[in-house]
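> Residue numbers (my numbering), protein chains in the order written: chain A, 1 to 288; chain B, 1001 to 1245.
To be clear, the hints were calculated from the coordinates, so they are not data collected in a lab.
Given the structure is predicted, the values throughout are model-derived calculations rather than measurements.
Each hint should be verified, as a subset may be incorrect.
Unchecked claim - Which bits of chain B does chain A cover? Going by a derived footprint, with three or more residues having C-beta under 8 Å, they are:
#, region
1, 1046-1058
2, 1078-1086
3, 1221-1234
What the hints assert, rightly or not - Quick list of the computed label-pair ranges, beta carbon to beta carbon:
#, chain 1, residue 1, chain 2, residue 2, range
4, B, E1180, A, L95, 48 to 58 Å
5, B, D1076, A, Y261, 50 to 60 Å
6, B, G1088, A, T160, 20 to 30 Å
7, A, L128, B, D1076, 55 to 65 Å
8, A, T160, B, R1128, 23 to 33 Å
9, B, N1229, A, L95, 48 to 58 Å
10, B, Q1135, A, A272, 53 to 63 Å
11, A, L149, B, R1128, 31 to 41 Å
12, A, I163, B, T1188, 46 to 56 Å
13, B, A1065, A, I110, 51 to 61 Å
Virtual Cβ for every residue (Gly too), placed ideally from N, Cα, C.
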Amino acid sequence: MLYLQVLINGILLGGLYSCIAVGFSLVWGVLNIINIMHGSLIILGAYAAYFAFTLLGINPFVFVPIAGVALFVLGYALQAGVINRVMGAPVLITLTLTFGLNLILENAMIFAFKADYRKVIIDPPLGLIEIGSAFVPRDRLYAMLLALLLVGGLYAVLRTTRIGRAIVAVRMDREAAALMGVNVPRIYAITFGLGALMAGSAGSLMSVIFPISPLTSVAFLGKAFVICVLGGLGSIPGVMVGGIALGVLESFGSLWLGPDYSTTIAFVLLLALLMFRPTGIMGKRGFE
Amino acid sequence: MSERLLELTGVSGGYGDIQVLWGVDLAVNAGDMVCLIGSNGAGKSTLLRCISGLGVWSKGRIAFAGRDMSGRPAADIVAAGIVHVPEGRRLFRGMSVRDNLLMGAYARRDGAAAIRRDLEVVYGIFPRLAERTGQDASTLSGGEQQMCAIGRGIMAAPRLLMIDELSLGLAPRLVEELGEALIKINRTGVSILLVEQDVITALELASYGFVLDRGRIAIAGAARELMVNPLVTDAYLGATALAVS
Ligand SMILES: Nc1ncnc2c1ncn2[C@@H]1O[C@H](COP(=O)(O)OP(=O)(O)OP(=O)(O)O)[C@@H](O)[C@H]1O
Ligand SMILES: [Mg+2]
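With the rest of the complex left out, here is chain A:
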């Protein structure tokens, strides 16, 4: 069954896509910042995992939490030190700022790592699981499961922890949250840090599956954008649905039209959705 295989590939990819997009969605939803840097943060996480693997022999799956924590610290510092200064400004200002920060980060990575494509080669390979006539590559399966675990973890943090409630409260009503004694700039920094954490973790997982180069960051940013629109901004279940939808669509798109068109399909879909259902598949206001 060719279609079954294509569907499996799509779902495996889609799980990872959810993880790519969820941090972008969180930052957009809570801070009202379109973080142009998101793709580069993913690549940074991927490089960190690549070097940890080649230089220190650390398995990228094991490296996920380390990349996450490191990127959290970076994200927190960026928001607290730089972006918080323009939080009251219109969205175009913050967009320009993250665009500029992205140029710096991207060029620093090209300078440091060169633009060559690199990939983690796990040896011996993890192999395949057979389902009837279809195959599930173990590395992709583990990456997807870990990705979904991370997304689910973020959902649980937002719903059940004190800091999570504060993030949701700040998104709903910044002033009312301040009246509860919430230090709003600090919550902004934590939120941006969490967005970077998800990007870095996703990057580590990706290093096992895709060749990475600083030049691919734009593609990931684009995907995050499409998924947010597909799933509806500001809902984690929406990001999950949007990510898997995009994975499956790309998978079938490259089957029918050739792999070159997979990104085109995504953006055509984005346009169609924006015209007919601008709130996304599961779109509603509020972050949950």
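Use these hints to put chain B with the ligands onto chain A, whose structure you have.
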């Protein structure tokens, strides 16, 4: 005379170029319920915002329990024990009643057990919230929303509770019920600064009152006296502004 809890001296404030408050003097004694009345646009909400450090500029001195709190950020004000229940309730949509109440306890450092105990206290004062603990707060009725907003304020364990527009949009019977709840809260030792447009309700509940007119305190006095003061009653009966020379 009992201890001064909140004392404003010559407080001016406003938004950007717009000055709303012009040298306001106001005080709340520990354990008292005090009301601030005045017509639309007089600057009542702006005054509360000055005290809370919320999006306004302010000059002058704001002292709380003997400490100067002027110009401090909102989080410090809450930590000091001043809690502001804002106009229009401003509950967190999409969050349950319980989560809204817990948000009120966000800044507390006295442990989960004390917070749980106060949650029961709030449910004791407002049994209707207990029945709706899991319900999305935005789907509550207006009266229930006000209960939730006040309950959220109590969850911060305040020494001074400032309530903006208690009665706004509520039926008289509900206002009465809320007033009784405020008396109960006041008896537990929480001082209250009540901002109201409904002058009768405010003066019935409070022991002392301030009348704010175009950013200045026009009249201040015991609630019993204000109730029979023609300047107050005339304004309440519909004159446009208080005719104070
Ligand atoms: N964010 C703002 N920016 C500029 N001016 C404002 C702002 N908020 C209020 N004002 C102005 O400040 C003045 C006082 O408003 P305020 O809300 O304090 O009055 P109020 O006494 O609370 O009135 P009400 O009884 O209607 O609630 C009004 O003239 C209002 O237009
Ligand atoms: Mg007001």
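> If any of the earlier hints don't hold here, list their numbers in rising order.
3, 10, 12
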